[in-house]
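Work out the full structure, taking the sequences as your base and the hints as a guide.
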Amino acid sequence: MWLVRRLVASVAIIFAVVTFVFILIHVAPGKACMGEPGESADPVECARRAREFALERPLPEQYRRYLVALAQGDFGYSFSLHRPVREALADTIPFTLQLAGAALLLDFLLGLGLGIYQAGRVNRLPDLIIGNVTLFIYSLPTFWLALLLLLVFGEKLGWFPVGGASDPIFCPVVDSAYCVFDRLWHLALPAATLGLVGAAGTARFQRAAMLEVASQDYVRTARAKGVPERRVVLRHQLRNALLSFITRFGLAFPFLLTGAVLIETVFAWPGMGRLAFDAILTRDYALVTATALIASVVVVAGNLLADVLLGIADPRLRVRSGVDAESIAA
Amino acid sequence: MPRRSPFAFIVILAVVTIAGCERRGGCTGQYCGTLVNAAVAEPPTLLPPSTDNVVAGDVGEQLFLKLADVGMSVNTIGDEDFQPLLAQRWEWDGPLTLVFHLDPRARWQDGQPVTAADVEFTFNAYTDSTLGSPFRPKLRRIASVTQRDASTAVFRFHDRYPEMFYDAVYHMRILPAHLLRSVPRDQWKTAPFGRQPIGDGPYRFVGWQAAQSLELGADSTFFLGRPAIRRLIWRFTPNLQVAVQQVIADQADVREQLVTPDNVARARAAPQLAVYPFRGSIYTSLTFNLRANGDTSKPHPIFADRDVRRALTMAVDRASLVKSTLDGLGKVPPGPMSSLLGIWDPEIRQLPYDTAQAARILNAHGWRDHDGDGIRDKNGQPLAFHILVPTTSVLRRQYARLLQEQFRAIGVQADIDELEFSVVNERLGSGKFDTSILSRANDPSPGSGITQIWTRAGFGGSNFGRYSNAEFERLVDLAIAAPTRERARALWRAAMATINADAPGIFLYSLENVAAVHKRFDNVQIRPDSWAALLRTWRIPPDRLIDRDRVER
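Keeping their order, the protein sequence lines are chains A and B.
Residue 1 is where the first sequence starts when you use the working numbering, and the numbers rise one by one after that.
Residue 331 is where the second sequence starts when you use the working numbering, and the numbers rise one by one after that.
Please note that a few of the clues may not be correct.
Unchecked claim - DEER-style ranges, computed between Cβ atoms:
| no. | chain 1 | residue 1 | chain 2 | residue 2 | range |
| --- | --- | --- | --- | --- | --- |
| 1 | B | Ala-595 | A | Leu-148 | 14 to 24 Å |
| 2 | B | Arg-727 | A | Asp-74 | 49 to 59 Å |
| 3 | B | Gln-526 | A | Ala-28 | 28 to 38 Å |
As the list claims (entries may be wrong) - Some chain B residues well away from chain A (every beta-carbon gap over 10 Å; in silico):
| no. | residue |
| --- | --- |
| 4 | Gly-359 |
| 5 | Met-402 |
| 6 | Glu-410 |
| 7 | Asp-423 |
| 8 | Thr-427 |
| 9 | Arg-534 |
| 10 | Phe-566 |
| 11 | Arg-609 |
| 12 | Leu-651 |
| 13 | Ile-678 |
| 14 | Thr-814 |
| 15 | Val-881 |
Derived by calculation from the structure, the hints in this document are not laboratory data.
All C-beta atoms in this analysis are idealised placements derived from N, C-alpha and C, irrespective of residue type, glycine included.
See the structure below:
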């Protein structure tokens, strides 16, 4: 029942987000057309587009049409790309998944490792150094870090490619081991930007959680019984500190998706974030609403997954389903 | 059996992976070479009549031929400066009839011959309202296109004018009728042909990775000569800075517009790059709205007065603004035109920079600082207005601040509204602005752009400031219809002097383009109206080939 209730709530949240975005983008000032860079848009083209896509119809009617189409699996037509939204999403979502996946991996592996390492050396030099470095990285604006990495490692040192997802000369499609390597090489800077900022936050979070658990009776008892320190940390401390880690996992999805919009634009990564950004600028209503829908599904699913994992890790949370699981974990 | 360490497994995997990473290569000789263009936009389709996207135009130059094309002079009057492409020759059959004889060697890349039926089909498609081609208005003076026989196409015009030939050949790329006839016109924008086209140009379509890159390959059988560069790749990036960085970091070969002095300096400093300046097609003005902000039925309380507009124009030191912001990458235009136009003439009469005279005019019209707050006023109304500028343009935002300072020096208050591009467009279209810094692009002919932006014909369209002057429009009409180039130039000069005296806007700058091109390219010819028009003539000497030129896929 708990899971069913969460699923129903999730669907309601997604519906609310889509409705909100649909209304917001339509009532926002601005015209659904765009000139070439440096120019003003052609008013005749603006008017033609408004007629072609029924943009002059009343908003409730547009919304009704949108919902009917959506119920049939039709995301609509992108007038800025001249293609169905479904095709544009199918092209870009895999790239965002690659970027977000790599960043998530870096975020949690590095963040978890650093947090555990710091907790074992609390208030000693390594803890202070790592703590200050992670705080520095965490406080950096993501776009600024992205531009800095691009300038230093891309343009100046030439160690990594300046933007893009693959080398268009050797690997327009990923069809060999070299091209897999090429994709990873292109992924390195954007994933590092997104992952490092996340890892800095995760490390601080994890350190605090480990220290909180360290003062618990069962940890002291384990040590008193002579259990080896490594075992105390991994079996007793880490296991119990994982609840907050799982909570952070759920919270990472919104961060990754909003980060992806910036990172994909700066690094010319052909993902959904860049697609959404361009769609907002061009007032490509169908594309904006579809990307918002996908993003809300991912965020809600991520949080749902985190809740399920929390329920598995700590069955008390499932029993107390009326209570916010995240607040308990935190 | 000894237990293998996971570390050993990782090492073996890495060795195998790196072994598989050997780059395939081997092309040698004069027909190798890869050109990577760092493009800042991705075309929505490659079907020429469906889009006027700049990159689609650049790619279209390689895939689809015109009947003929303008020469390096970009002279659009008469036909003497045009170069044959699909048409081997042409002749005039009376004052209103133009006959093209197609080159019998021309072939579509599926082997079919290019015929006059294709030319007729193309004209019908471009002028079909169902398709809504952006080029349709430019073909309005052509009455019909018919085929006399398989290799002869006949153009008939409504009237006689100097740019008849230009209109006949410049706007249309000939399309394969046998491949497109069965596609309903209302579906052309989404037609698969637009994402996988078959053309008749020097290059064939190879592949298109959405949001990443697009590749063309040289057609070794091209009837006008095999192109020397084997692969052309457009690498799409969402912003100019990344595109420039790619060229500087030697990950792309060409960035055709560097736009800012800083980018030009960085490109000059890159050892592998050469820079090529060429005439730009964009000019920018502070356009005055002559009608009331938000109500086009009433005159604007400030800008309806011609003398106030003249005074504000005289208060701006355009030359020093260009010098300080563009550092050689721009010029003060002698009217509403870019340097691309053949009518550019610095001797055209313009209002001088004269702040003393500007102040005298304002005083004479009752705009004085009565309350001592530093801002002129009249009948309690301050001499204040807003400058609308899009957030997307760094240069225009910078100009807005500089103009604000110069206006403040003569007691005029200008507030800046920096808004998102689509919001700016909406306000311009509905007349909800006082002034706006607008950039406009010229095609090689002055006729269409100036008419649409600065005459009554552009009301409700691109003439956002709703400027009209009967004398200016008469001169423009005469210039467009002038029988000779000399006569046209004289009339354009008179028209420009008229509009300059009227000051419907302050013509701030015309951008000069600078392209960055890898030094290994030879015979680099850049035509001002289209940098990619002559790509088929570029080449790389065999001794300058680098790794990416030789690769085989």
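Each hint tested on the structure:
no., hint, verdict
1, Ala-595(B) x Leu-148(A): 14 to 24 Å, "holds (20 Å)"
2, Arg-727(B) x Asp-74(A): 49 to 59 Å, "violated (40 Å)"
3, Gln-526(B) x Ala-28(A): 28 to 38 Å, "holds (36 Å)"
4, Gly-359, "holds (18 Å)"
5, Met-402, "holds (23 Å)"
6, Glu-410, "holds (31 Å)"
7, Asp-423, "holds (34 Å)"
8, Thr-427, "holds (30 Å)"
9, Arg-534, "holds (15 Å)"
10, Phe-566, "violated (7 Å)"
11, Arg-609, "holds (15 Å)"
12, Leu-651, "holds (18 Å)"
13, Ile-678, "holds (24 Å)"
14, Thr-814, "holds (32 Å)"
15, Val-881, "violated (6 Å)"
Hints 2, 10 and 15 from the list above are not met by this structure, while the remaining hints are.
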